[in-house]
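Asks: Chains as they are written, first to last, in my numbering: chain A, 1 to 256; chain B, 1001 to 1256; chain C, 2001 to 2256; chain D, 3001 to 3242; chain E, 4001 to 4242; chain F, 5001 to 5242.
In case anyone wonders, no lab produced these hints; they're calculated from the structure.
Quick caveat, the model's predicted, so the values are computed rather than measured.
One or more of the hints may lead you astray.
Using C-beta positions, here's what the derived DEER-type ranges look like [as the list claims (entries may be wrong)]:
id	chain 1	residue 1	chain 2	residue 2	range
1	F	Lys5012	E	Pro4088	57 to 63 Å
2	F	Gly5016	A	Ser40	48 to 54 Å
3	A	Glu66	D	Ala3235	43 to 49 Å
4	B	Asp1132	C	Pro2092	51 to 57 Å
5	F	Lys5012	A	Ser40	49 to 55 Å
6	F	Glu5057	C	Trp2172	49 to 55 Å
7	F	Lys5012	C	Ser2040	39 to 45 Å
Ideal placement from N, C-alpha and C gives every residue a C-beta, glycine not left out.
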Amino acid sequence: MNMYGIVSSVKRDYIADLARQGKRVDTRMLDQFREVSVESGPIKSAQGSARVKIGKTQVLAGVKLEHAEPFSDRPDNGVLIVNAELLPLASPTFEPGRPDENAIELARVVDRGIRESEAIDLEKLVIKSGEDVWAVFIDIYALDHDGNLIDASALAAIAALLNVKLPEDEAWTLPEFPLQKKPVAVTVAKINGKLMVDPRLDEESVMDARITMTTIEDGSICAMQKGGIGYFSREELEQAYELARAKAAELRAKLG
Amino acid sequence: MNMYGIVSSVKRDYIADLARQGKRVDTRMLDQFREVSVESGPIKSAQGSARVKIGKTQVLAGVKLEHAEPFSDRPDNGVLIVNAELLPLASPTFEPGRPDENAIELARVVDRGIRESEAIDLEKLVIKSGEDVWAVFIDIYALDHDGNLIDASALAAIAALLNVKLPEDEAWTLPEFPLQKKPVAVTVAKINGKLMVDPRLDEESVMDARITMTTIEDGSICAMQKGGIGYFSREELEQAYELARAKAAELRAKLG
Amino acid sequence: MNMYGIVSSVKRDYIADLARQGKRVDTRMLDQFREVSVESGPIKSAQGSARVKIGKTQVLAGVKLEHAEPFSDRPDNGVLIVNAELLPLASPTFEPGRPDENAIELARVVDRGIRESEAIDLEKLVIKSGEDVWAVFIDIYALDHDGNLIDASALAAIAALLNVKLPEDEAWTLPEFPLQKKPVAVTVAKINGKLMVDPRLDEESVMDARITMTTIEDGSICAMQKGGIGYFSREELEQAYELARAKAAELRAKLG
Amino acid sequence: MEKPEKLIVDGKRLDGRAPDELRPLKIEVGILERANGSAYVELGANKVLAAVYGPREMHPRHHQQPDTAVLRCRYNMAPFSVEERKRPGPDRRSVEISKVTREALEQVVFLKLYPRSVIDVFIEVLQADAGTRTAGITAAAVALADAGVPMRDIVSSIAVGKVDGTIVLDLTNDEDQWGTTDMPIAMVPRKKLITLLQMDGHFTGEEFKQALDLAFKGCEQIYDAQRQALREKYAIKRGNKK
Amino acid sequence: MEKPEKLIVDGKRLDGRAPDELRPLKIEVGILERANGSAYVELGANKVLAAVYGPREMHPRHHQQPDTAVLRCRYNMAPFSVEERKRPGPDRRSVEISKVTREALEQVVFLKLYPRSVIDVFIEVLQADAGTRTAGITAAAVALADAGVPMRDIVSSIAVGKVDGTIVLDLTNDEDQWGTTDMPIAMVPRKKLITLLQMDGHFTGEEFKQALDLAFKGCEQIYDAQRQALREKYAIKRGNKK
Amino acid sequence: MEKPEKLIVDGKRLDGRAPDELRPLKIEVGILERANGSAYVELGANKVLAAVYGPREMHPRHHQQPDTAVLRCRYNMAPFSVEERKRPGPDRRSVEISKVTREALEQVVFLKLYPRSVIDVFIEVLQADAGTRTAGITAAAVALADAGVPMRDIVSSIAVGKVDGTIVLDLTNDEDQWGTTDMPIAMVPRKKLITLLQMDGHFTGEEFKQALDLAFKGCEQIYDAQRQALREKYAIKRGNKK
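Produce the complete structure using the sequences and hints provided.
Replies: Written out as structure tokens, the structure reads:
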């Protein structure tokens, strides 16, 4: 299943033709995000939570901390698990059931951004080496899908982590949750040879390919993921990196 | 899937018309059960078992006792697990596979009757607090489905519990199985505005709604479950309660 | 699904007619295997492995040894687990997904040959009685299916066991892997009343029935499995046994 | 939390409510872009979202009914909605709740108008504090109205129960856990027709009647709030169109 | 049970039987109302129920065969049928037994008479004491006859094995567990055609022949009992019709 | 293995390679009988098999696309291919790799030529030492050519990364585990069009550019080896036909 829905061929041509002229259906610039808002802590049953809206796209992320055994090859590391649900609530094309390849890719892209940037100091989450550690579950809940779920999800995840309150548990001895980086994902879509950020759903359904670049505060890259069946040239990738770096700073500012 | 099968529209009208007159297809009274029999202990490989027939409906229940860990929030309680299988043997509309919503509802209604009446003193099933308790598995096996599986299943379950012999296990120190109540479920069907007990399969396929009320010896209610897409008025519910209470006493007498 | 594919009715008649004359499509004798080769140790990530080719049929088997808890009713035995995957790579009729009844039957026939012949001395695989034993995982990977997967799989399994190198693990204290028998499966197909060994895929699609007999060095039988919807007479079974015994010796010689 | 000694002190419940008092209730209509209808309900600490898709073509086709639309309901809890993280995916409880939710709603929807179609109701519990199934039904009924699905009337839903021997309205999680009885109920309030009724715990016949009385009162308040929320949404919409 | 020192003492088995003796056998026909055919078999402590539905239309349609009916078999064990509760649902063992059961029965059924149809055979083991697959086939064959499915003949099934070096008929669980060899077999007894054969353990060629001899004898007794049970059912039915 | 102190000593990697050097590469074409096309790739200690079935009719039919063939890819690891036995069946990692593999290949295949059809690509990792997804894509591209599926060009794939601060080609498992960055990439080498790009770890903008440079060089070598393997196979075939 295509997660980007179907648009009529007339609209498809219209969007592609606009792109050729450097324009977009909603009059945005190619390098312009829709309105972005971050609400911290809407869910009290989670240790941390955040709701992110990018235009009409809505994602909720909740963080739960639980005791767990560490992985046998990482006895001195806490555990990070990212799960994403493309709720049937969010789109007529999403169906109930186990996460499909789109939901799995989404979760894994968010996971790699957090894991590879070492955003969480997992070593601080050890309670007893090799036996008992904190597991950080990040559950991403797509509520309304109007495009660019990846950026919304990654932003909601890091916002939820920033919102984490310490669990009321004797084993918790840290002064605060050991969050040390703020990785931000920016997805660049390619339509008719033009690169643009924050594709709307109708743009996603027309795009040739997308590339998500997750960067940290100093502009370096911690994760990338190309998607879609199209291709990128070398020049396009370098241009995408400049876009991702600039936009990540804007989004990071929303985290407060 | 509808678990009540399909009857022709002629038969449907006939049953509905009879109901209007206070009559039934098999000449029973509205408040009359079909013949009910309870056979204790047919299965020797179970710690307790019973076969219940209500008319041509047949249900077998088996009880197994096994060591288990208690639930972490109930360290001082044994574990009760009720499972129901709507065997493809029992009806042309039952299919092999994991329990569907009908089987799950059936199991959960039986479970609540036993659990909420505190029929089993779960605290007596603790071997070592927080570590080792007895788990009581009640497996309900629908063998032949001619209507009113809920009442037959609930009766088979309590009869199987009454039949429990103590396991040959060192950890078992109780003089007897701690059964302290006999909850009995009675399902009242509503057809064409009339209430009646023990619906046959053809009546179930016509009924607007059903309500199951599980009562204990003193006539008080421990569980209820409305089913079907129809509705009940307040007066109908009160009338159903009187029926359930009276019929439960009759069925309980069959338990010996 | 039929795992033997479909041949045209012309070819079907041709194969059956040849069989009547004691002949085969590829000019083999009824009691003649295709070319058989056994390659030991192609997979270094396994503790033992082997690739068997019988004609164009190819099977890879890999052995992994892992710590495990023994089964509660066998505290003084290691654990043997045989799994078979009919890879979609190997045949247009094999589909991705959990093992179907053909894959399960294949694994269980191989398992019984090894288990019932006591080919592995499971008692020697105990590290600590009732707590820690070696589990022997044999994974059978069907790569190319041109008939007679059972014999190829059983031969690959025993060849992979013969190839086992000791794990680099402190708990391993045996001088060598305790393999004490070489069971070999030979499948005899019945076509048009004639018995023949090593059916090709086109012969399998035509055969009435098959019988697999697994024998050990002294010619005694440790496992049998009839398959297919046809039947065998008593005389045919005795004849099949003579074939299986003779051919097993030939195949066993390939194990080196 | 440890079991408190008393759940009702001086006629007041632990959160200060009278026995027949609802928790604070908030209903928002049409908060999702993609769904054909949606509603968000807060009832005390419960936060529940419902969305409706359809009537739309039923796939796969062999599930189509030639003379009617099919109503499907899914009740689901977010992993982070409860104290201990819930593993994603349906469990036995959610399968049963999905079934009784469908049965609670189906009667009021004019399904026959849409043969071969399906109407999907998706309920997501984002934060849970007892009463999520009834809050879900309340939200779903509003979402169906928001989707423009023709209905005889709106279904309203609430739980009643028994706590410290007193019949109370709208139990919290603590009251559910430490109290005696929980009875979720749904009805068409205008005609007082009950479309969902479950109960577990202990009721004498007399207590059952009292509980029904209280349930009717509670559902009327829910009903008023549902209609008010719909009115506000559509009043604003009409206003905007000028 | 601990492994006994001997399983055969003075030519008698632990339950007093001679090596070539069946356990007590009871076959009842047509004991289920809804199924098109059914049978109940007790063989020693085994209690097995079989039901047949069909020939009926095959769903989903793309599984229909234009020139033949399809036979499907499901062998299943009740959770309470064995010492340690069995988790519900198919496992590898039951999938394999379902397959060989189907292959044991398919040859005798005139499937070509019912193109595009399916005949379903459901076998439920209610209480198990070794030999459940053969008791299931024995029951299924009777249930097929009870359903009026046209068949060339009846299939009969039993296990033989080797215990303390002796070839024995119809093993109990203890004999299966502590003995050497188990060989379940099914056949069309009149023509002596073998439709199921499995074996695990140890047989020399000579022992295999002895085991076959004993299996033929055993299946004949099963066959007689099957026919007797069917005669009684239908004699009574005919009697009733007068 | 313990983390080594250094992964690059005197400009040489632990296995003696220069930073821009591939591991030994072997490509064999058409090694499976039943598949329409197949290829086997060894890259260092990686052993990967790819097979192609199709274009063939798509089942079930409602998945058919009226104007195009559908490309399906399955990446799978053998249980014995890794240090700790991998449980059979797809996991989240293999589902993602299957998706990006399909997206890496789809662009070059003339799918529109085969409406209503499906082309299946099955990739089996028999022995793994980092870089299995790129070796799988390299093998799959050759298998597609071997199957005679019309393609614009061949896709070539390799990983680059950063180890001890140095940009290196074709990481081993040790380098992947103890190094900083892994960036698998696939491209149409002739036109330098990138069809797969993933990365995790750490790159500055400048390092990213260096890594791309190295990836282009590596893919060209892969591309030469792919064409060479295909030439040999088909040269021999043509030779045989004389």
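Asks: Per the hint of 39 to 45 Å, is the separation of the Cβ atoms of F:Lys5012 and C:Ser2040 within bounds?
Replies: The hint (39 to 45 Å, Cβ to Cβ) is violated, given that F:Lys5012 and C:Ser2040 are roughly 33 Å apart.
Asks: So does F:Lys5012 sit 57 to 63 Å from E:Pro4088, Cβ to Cβ?
Replies: Once the Cβ atoms are compared, 60 Å apart, the range 57 to 63 Å for E:Pro4088 and F:Lys5012 holds.
Asks: Between F:Lys5012 and A:Ser40, is the Cβ distance one that fits in 49 to 55 Å?
Replies: 50 Å Cβ-Cβ, so the 49 to 55 Å window holds.
Asks: At the C-beta level, are F:Glu5057 and C:Trp2172 separated by a distance inside 49 to 55 Å?
Replies: holds (52 Å)
Asks: Using the Cβ atoms, figure out if A:Glu66 sits within 43 to 49 Å of D:Ala3235.
Replies: Roughly 46 Å apart at Cβ, these two residues keep to the hinted range, so it holds.
Asks: Verify the CB-CB distance for F:Gly5016 and A:Ser40 against the hinted window 48 to 54 Å.
Replies: With Cβ atoms ~53 Å apart, the hint holds.
Asks: Given a hint of 51 to 57 Å, does the C-beta separation of B:Asp1132 and C:Pro2092 actually sit inside it?
Replies: holds (53 Å)
This entry does not satisfy hint 7, going by the numbered hints stated previously; all others are met.
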